[in-house]
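Since the structure of chain Z is already known, use the hints to place chain A on it.
Below, each chain spelled out in residue letters.
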Amino acid sequence: MSEQSTDRTALPFHPMLELEMEMEIFMSDWLHCNQLSNYVARMVSHDRSDPVRHANLLSSALNELFEISFRSGSAPGRLHCDISRGDHLERISLTFPCAPEQQHLYRDASTKASGGGALERYLDALADENSVQEDIILLGLAINYDASLLLREVEGRALTVILDIPVEGLLN
Amino acid sequence: MSSHEPVPLFSAQFDLNSQEFSLSGILRPLSPIEIAETTTLLEKSINQVRGVLYINVKRLIHMNATAYHALARLLVNASRARRDIRFVVVTSSVVGWATRTFHHLSAIEPKIAVEAYDSAFYPGQTFVENQSFIPILRTQTKMTWRHERDILPRHGMRAGIAMADICCGIGDFAVLVHKEFKPARIVALDHSAVSLDYARKVAADFDIRDIEYTYGDASEMLLEDNQFDLVTCRHSLQIFNRPDILLKELYRICKPGGRVYITNEKNSHCLGEPRAASIQWTYNEVATLFSHFDMDVEMGPKSRRLLRDAGFEAIEMESFMVSNLDGDPQDFADVVAAWEDVYAGEMSVRRGDTSEFIKRFRQGFQDHIFAALHPKGYAGWPIWAASGRKPL
Numbered sequence: 001m002s003e004q005s006t007d008r009t010a011l012p013f014h015p016m017l018e019l020e021m022e023m024e025i026f027m028s029d030w031l032h033c034n035q036l037s038n039y040v041a042r043m044v045s046h047d048r049s050d051p052v053r054h055a056n057l058l059s060s061a062l063n064e065l066f067e068i069s070f071r072s073g074s075a076p077g078r079l080h081c082d083i084s085r086g087d088h089l090e091r092i093s094l095t096f097p098c099a100p101e102q103q104h105l106y107r108d109a110s111t112k113a114s115g116g117g118a119l120e121r122y123l124d125a126l127a128d129e130n131s132v133q134e135d136i137i138l139l140g141l142a143i144n145y146d147a148s149l150l151l152r153e154v155e156g157r158a159l160t161v162i163l164d165i166p167v168e169g170l171l172n
Numbered sequence: 001m002s003s004h005e006p007v008p009l010f011s012a013q014f015d016l017n018s019q020e021f022s023l024s025g026i027l028r029p030l031s032p033i034e035i036a037e038t039t040t041l042l043e044k045s046i047n048q049v050r051g052v053l054y055i056n057v058k059r060l061i062h063m064n065a066t067a068y069h070a071l072a073r074l075l076v077n078a079s080r081a082r083r084d085i086r087f088v089v090v091t092s093s094v095v096g097w098a099t100r101t102f103h104h105l106s107a108i109e110p111k112i113a114v115e116a117y118d119s120a121f122y123p124g125q126t127f128v129e130n131q132s133f134i135p136i137l138r139t140q141t142k143m144t145w146r147h148e149r150d151i152l153p154r155h156g157m158r159a160g161i162a163m164a165d166i167c168c169g170i171g172d173f174a175v176l177v178h179k180e181f182k183p184a185r186i187v188a189l190d191h192s193a194v195s196l197d198y199a200r201k202v203a204a205d206f207d208i209r210d211i212e213y214t215y216g217d218a219s220e221m222l223l224e225d226n227q228f229d230l231v232t233c234r235h236s237l238q239i240f241n242r243p244d245i246l247l248k249e250l251y252r253i254c255k256p257g258g259r260v261y262i263t264n265e266k267n268s269h270c271l272g273e274p275r276a277a278s279i280q281w282t283y284n285e286v287a288t289l290f291s292h293f294d295m296d297v298e299m300g301p302k303s304r305r306l307l308r309d310a311g312f313e314a315i316e317m318e319s320f321m322v323s324n325l326d327g328d329p330q331d332f333a334d335v336v337a338a339w340e341d342v343y344a345g346e347m348s349v350r351r352g353d354t355s356e357f358i359k360r361f362r363q364g365f366q367d368h369i370f371a372a373l374h375p376k377g378y379a380g381w382p383i384w385a386a387s388g389r390k391p392l
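Chains Z and A, in that order, are what the protein sequence lines are.
Residue numbering for the first sequence follows the working numbering, beginning at 1 and increasing consecutively.
Residue numbering for the second sequence follows the working numbering, beginning at 1 and increasing consecutively.
With the rest of the complex left out, here is chain Z (with noise of 0.2 angstroms):
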């Protein structure tokens, strides 16, 4: 296992949902994307400050997380989904197979969301009509969300995506 961000296990996070599931069926409808994005946000949500649009807003980042997974097209193997609370944070980690030549997407992708300059990037890449997919959704998720991300590979074979969200701070 290698990672490529700053660990930040060491935070108190409280596990409130795991999701597991045979890549091949979630690959088998596109759909399972939104289902599963608003289904997840629904159920964590219903203790917030404002439950309706806290999942609105979780949903939106988590589809964006589940549709990396699915286009990863990586099966067999499985998609493990974690969603956990910390203080002003939602943790989603999102582990889906995907091969290791492809990898690189999401590291690259990555890297142009966590360092400085990531607005100038994302309106470059918004007005690109060849832009790479994959740095538009991470840098949109930077930029949009306030979130931060951590990328684990995981024995060659499969990618952890760790994405933070302050989503009752992006309610007020």
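No lab work stands behind these hints, which were simulated from the structure alone.
Here the structure is a predicted model, which is why all the values come from computation and not from measurement.
One or more hints might be untrue.
What the hints assert, rightly or not - Pulled a few chain A residues facing chain Z out of the computed Cβ check, cut under 7 angstroms:
id : residue
1  : R100
2  : I108
3  : E212
4  : T214
Just so it is clear, CB atoms sit at the ideal spot from N, CA and C, and this is done for glycine as well.
Frame of chain Z, contents of chain A only:
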């Protein structure tokens, strides 16, 4: 459905009269090809307008990065090619991600403006969002509850139901319902952040954890279709300029077989003795004043027609008179004093009324207070409660 079929969760429309292109629903395509019809419609819309094109995304609940990228490129390219057109993207303050996401378009191309839709769209909203309205709402609910507690079971209220209180204000009604009827779920929605903060504080003080207070626009709700056994909307249709749109939303979120319960007033029927003539004159003027701001506080008896027009069946309707005989007469007097503050002190001034008019206008409220507090007096405020069932 295979993943290669378009996601049928959204709609796109173009209205040439208002030069408005609208997107609504959930826009999460696998690839830009899936939304080719939508992008083509947007291109055609751009070619048909002059001056300005409004892009309305107020009811766009979700949009993924794929769709956003496709729309962003199209709008940026169009704004560069058509220097004669301004583009105005109208988002909703209720949909948290939308304003943040679309805001970038104006940074890429300054000719694209992004405007967050807000309460100013409702002519009367500023008056009811004013903090001075909170004491009115609090005392009003206390007085009407004595009647509504008996009325509500006839309109579908019972233990264990899922209910929504739309335009919940400071949330007192939701708290009272929670204690008295014990619904399984209560969602309480309002478009005033100030009122909701107050509601959350009251609920926290009372250790009530299971009312879901949510910031939302009653005419553009994020709540999904067919969710609630009972949807309540009290004293609110009468202060919106388009009650039909609100009723359509109440109908949408109500389960088939469930009921929508509304209360409204007919202010010109407020009455009192003694000094009946002065009181009558002032409340006739209240109705005219509200009408000036596109609000209809004479709506009460129209509820039956409104519900029928919205598609409801099995309509139940009744009226009750809140009076100075309900508990402490001072409560009634306090409500009228608060009305005087807002109606004569703010709205009449805003309309540009003369000082002579305002003086006489205030006198009627004072006389109503006099009648309420007089040991032999009577003061009344009539309210119409109605509900309709959504067909199965």
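Now for the hints, and whether the structure bears them out:
The interface hint given for A/R100 is met, as the beta carbon of that residue sits about 5 angstroms from the closest beta carbon of chain Z, less than 7 angstroms. With 7 angstroms as the threshold, the beta carbon of A/I108 comes within range of chain Z, its nearest partner Cβ sitting at about 5 angstroms, so the hint holds. Satisfaction of the interface hint for A/E212 is found here, the shortest Cβ-Cβ separation to chain Z being roughly 5 angstroms, below the 7 angstroms cut-off. The criterion of a C-beta within 7 angstroms of any C-beta in chain Z is met by A/T214, whose closest approach is roughly 4 angstroms, and the hint holds.
The structure meets every hint from the earlier list without exception.
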